[in-house]
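K.L.:
In case you want the letters, here they are:
Protein chains: 2
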Amino acid sequence: MYNNKYFMKIALKEAELAFKEDEVPIGAVVVCNNTVIAKAHNQTELLTDVTAHAEILAITAAQEYLQNKILDKCTLYVTLEPCLMCAGALYWSRIGKVIFGAFDKKRGYSQFTEKALHPKTELETGVLEQEALTLLQDFFKNKRK
Amino acid sequence: MYNNKYFMKIALKEAELAFKEDEVPIGAVVVCNNTVIAKAHNQTELLTDVTAHAEILAITAAQEYLQNKILDKCTLYVTLEPCLMCAGALYWSRIGKVIFGAFDKKRGYSQFTEKALHPKTELETGVLEQEALTLLQDFFKNKRK
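The listed protein sequences derive, respectively, from chains A and B. Numbering-wise, my numbering puts 60 at position 60 of the first sequence, and it's gapless, one number per residue. Numbering-wise, my numbering puts 20 at position 20 of the second sequence, and it's gapless, one number per residue.
Certain hints may be false.
One copy or two, it doesn't matter: identical chains are merged, so the pair holds either way.
Unchecked claim - Below 30 Å or equal to it, Euclidean Cα-Cα: the simulated DSBU-like pairs (lysine-lysine) are:
| id | residue 1 | residue 2 |
| --- | --- | --- |
| 1 | K69 | K145 |
| 2 | K97 | K145 |
| 3 | K5 | K69 |
| 4 | K106 | K120 |
Treat the hints as calculated values from the structure; they're not laboratory data.
Chain A on its own, in the form it takes in the complex (with noise of 0.2 Å):
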């Protein structure tokens, strides 16, 4: 039951709440043990800050919950490929491993560098990723009517 779609499930039920209040719809959530400790989604327009992706909070809520900057015993599931400022981030909290959807081809971290993350930190990518690319796909067309 508590597989990576379980998760990515829930990572793209935060992507839809981002939908719904018109910003880009990426969630993520840190799971530990099998328990979800931390899930987020983007808010850089409700908060007016370009750092405020899902990872970060995500990061920054897991954090706070663990008391803990490091978050190896931990994976983050998150619907598209981190950015280079998100992988930066995932790299310092030397985070257990990384799940994410879809590949950002534009932003994202793989297209600079493969060694933004932690050469500990674990990753696996395509999880649930169409589902991800349509929800994208579907907010950035409406933009564009």
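Position chain B against the provided structure of chain A, taking the given hints into account.
P.N.:
Chain B in isolation, oriented as in the chain A frame:
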């Protein structure tokens, strides 16, 4: 009077505050029309938050002050070269100019990619470099004792 050294000295004062608080001594200020609109120093220990780098805190404060996510009329002064996380945040803010003191040969963004900052962001380096490095070296010398 209002030159790069003037503003970098304010960033260095912030770095000294960090030093006194047992935080890695890095400071940053955001300047707009020769006015300091935000200043900050590293607070990762105090906040138990790896994202609480001087640059991130300064960007967030500047956005709050201007009520604008875009800082294209502003200059960020920071004592040490930004890491990938901070360079990524500066990208999203489309900041007008970044001026840093010393290069960070380990985690500075330019070790990974020259394309982390926004293509329109101007860059200047080496301002009060030695002062920034001395502070960092003293800090880590004390840590190893």
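K.L.:
Give me the numbers of the hints this structure contradicts, sorted from smallest to largest.
P.N.:
2
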